[in-house]
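*Asks:* For the protein sequence lines, the chains are Z and H, in the order given. Here the first sequence is numbered in my numbering, starting from -19 and rising by one per residue. Here the second sequence is numbered in my numbering, starting from -19 and rising by one per residue.
Take the hints with a grain of salt, since some may be wrong.
It does not matter which identical chain is meant; a pair holds if it fits inside one copy or across any two.
[Said to hold, decoys possible] Below 25 angstroms or equal to it, Euclidean Cα-Cα: the simulated DSS-like pairs (lysine-lysine) are:
| no. | residue 1 | residue 2 |
| --- | --- | --- |
| 1 | Lys86 | Lys12 |
| 2 | Lys148 | Lys28 |
| 3 | Lys194 | Lys27 |
| 4 | Lys148 | Lys190 |
| 5 | Lys63 | Lys28 |
| 6 | Lys28 | Lys238 |
| 7 | Lys238 | Lys86 |
The hints are simulated quantities; they were obtained by calculation from the structure and are not laboratory data.
There are 2 protein chains.
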Amino acid sequence: MIIDKLYDAVKEKGNVCLGLDTDLDYIPLEFKNQYADDGEAILQFNKKIIDATLDVVAVYKVQIAYYEALGINGLKAYSATLKYLKEKGAVTIADIKRGDIANTAKMYAKAHFEGDFEADFITLSPYMGMDTVEPFMSYLKSGNKGVFMLVRTSNGGSMDFEYLETAKGNKVYEEVGERFQNLGESVLGQCGYSAIGAVMGCTHVDEVAKMREKLNKTFFLIPGYGAQGGTAKDVALYLKNGNGGVVNSSRGILLAYKNKEHEGKSFYEAARLEAIKMRDEILKYSTAKEN
Amino acid sequence: MIIDKLYDAVKEKGNVCLGLDTDLDYIPLEFKNQYADDGEAILQFNKKIIDATLDVVAVYKVQIAYYEALGINGLKAYSATLKYLKEKGAVTIADIKRGDIANTAKMYAKAHFEGDFEADFITLSPYMGMDTVEPFMSYLKSGNKGVFMLVRTSNGGSMDFEYLETAKGNKVYEEVGERFQNLGESVLGQCGYSAIGAVMGCTHVDEVAKMREKLNKTFFLIPGYGAQGGTAKDVALYLKNGNGGVVNSSRGILLAYKNKEHEGKSFYEAARLEAIKMRDEILKYSTAKEN
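When you get a sec, could you build the whole thing from the sequences and use the hints?
*Replies:* Written as structure tokens, this is what we have:
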């Protein structure tokens, strides 16, 4: 199952999820200017980053919004980026945060698990309820695909509705997490995690131990590292024996070439060094925790 | 403001929102076979439907999932459909249900309020909280754009999280609705409704009077009519003096040509007749309610 492939990738390469949220402004001018088309510039930038990080990154997350913003050309680059990652044997997450009723969800499944925009995992928003995930289940049961449900996100606004206390004394996000862990029982991998993962931001370390224990079969996609405030020490609390989660970094890696410490390096060499640094930082704390 | 344009469109043309959820399978074979490309077939089908209904439909809702499912070609048809609607002066809703953190939301705003995929309104999912809507506010304040937040959807799964009871004794969807009505105060149109509307399914008529009263400045986008069980009588409860809401129908109108009563008619003539029937049905009850 794809979740086992992700689990093995973490074992082999560490916990880094590289977010290809490639903003045009992130691309060094002299590189961008080689390409007449913006979509092409983004694609070539992505390829350089991918080539330089394949052996130190567990999974790539492609945020579709950055490509949609450039219209059809951007989406061609999105499609080509996913195809390139597939060719290279990398695990991919399409960060699309869809969530809709049955017929529409079926179309989203077709869009993002097949054809031009095919990815291994997609992110989904749970607001509309459990039946919005139903149309994806046959793909999950095939073993080739997985999803990450938004459970507790890393932004400040997560307090507004995710953190609402229910009459039963739970938070909304706890209820969401539990419902999807239960659904995941039907699509468990050999690694012990299910094909239904959870987005679990590392910006609130309160209650993390409780969540890690409750959602013990749920693989975490962890945003919020770096710029948003999450540290390697925080992140370690979201892992189990160093696995069971991947930690996303986008700007931190894509823009590493702007850091003083990487001066003189190409953008992709700097990205590689930054990914290694992040991997090792997380490893240090997640290993320390075990001992 | 665009919400005033929508309000006026309802006054002039009734409450029908035509959902262009155009599945390839909806298109009559003899029409589809004229086009080598599936995207082109969908676009030409949409144009015929649009031309036949412009004077009896308040607004068109284009569900992006159906186009994404066909990849790049599908999204070209999506883009061209929105451009055609704009040329014709129609009000448009892009049903995209996005919802993401600030930087990403900015990209979505650029994607769907500018460029290839520009629409007048977009739908947004509230799960991640209020700050996910912030990047759209400058567009709303310009007067040219609006959003519909998912509040209470029409599917069975809406019971799972939208209906969770909070410690304060509210439902989650009530909390969501109120928060966004309050935010909408800063973008009120002359018609009394704000540029922040709500998706409010007509499949649960319980509590509708309470919601209509509480969310008195919130324009409703109402799914669930027809196939999902909502009737014209139900829908009337969601309106205020016959305005303040539009009622979506997709398959009911697009597939009207398969109904016995429209035998011998073209698909677009049948669509027109069905839209008129729906408009008049709703009008009957919403007017009856006033008297």
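*Asks:* Does each hint fit the structure? Answer for all of them.
*Replies:* Hint check results:
In this homomeric assembly, Lys86 and Lys12 come within 25 angstroms of each other (Cα to Cα) only across copies, at 22 angstroms, whereas the closest approach inside a single copy is 37 angstroms. When the C-alpha separation of Lys148 and Lys28 is checked against a cutoff of 25 angstroms, the pair qualifies neither within a copy, at 50 angstroms, nor between copies, at 52 angstroms. In this homomeric assembly, Lys194 and Lys27 never come within 25 angstroms of each other (Cα to Cα): the closest approach is 38 angstroms inside a single copy and 52 angstroms across copies. In this assembly of identical chains, the alpha carbons of Lys148 and Lys190 lie at most 25 angstroms apart whether taken from the same copy (17 angstroms) or from different copies (24 angstroms).
Within a single copy, Lys63 and Lys28 get their C-alpha atoms as close as 14 angstroms, which meets the 25 angstroms cut-off; across copies the closest is 36 angstroms, which misses it. Taking the shortest Cα distances, Lys28 and Lys238 sit within 25 angstroms of each other inside one copy (16 angstroms), while across copies they are farther apart (53 angstroms). For the homomeric pair Lys238 and Lys86, the shortest alpha-carbon distance between copies (23 angstroms) is at most 25 angstroms, but the shortest distance inside one copy (42 angstroms) is not.
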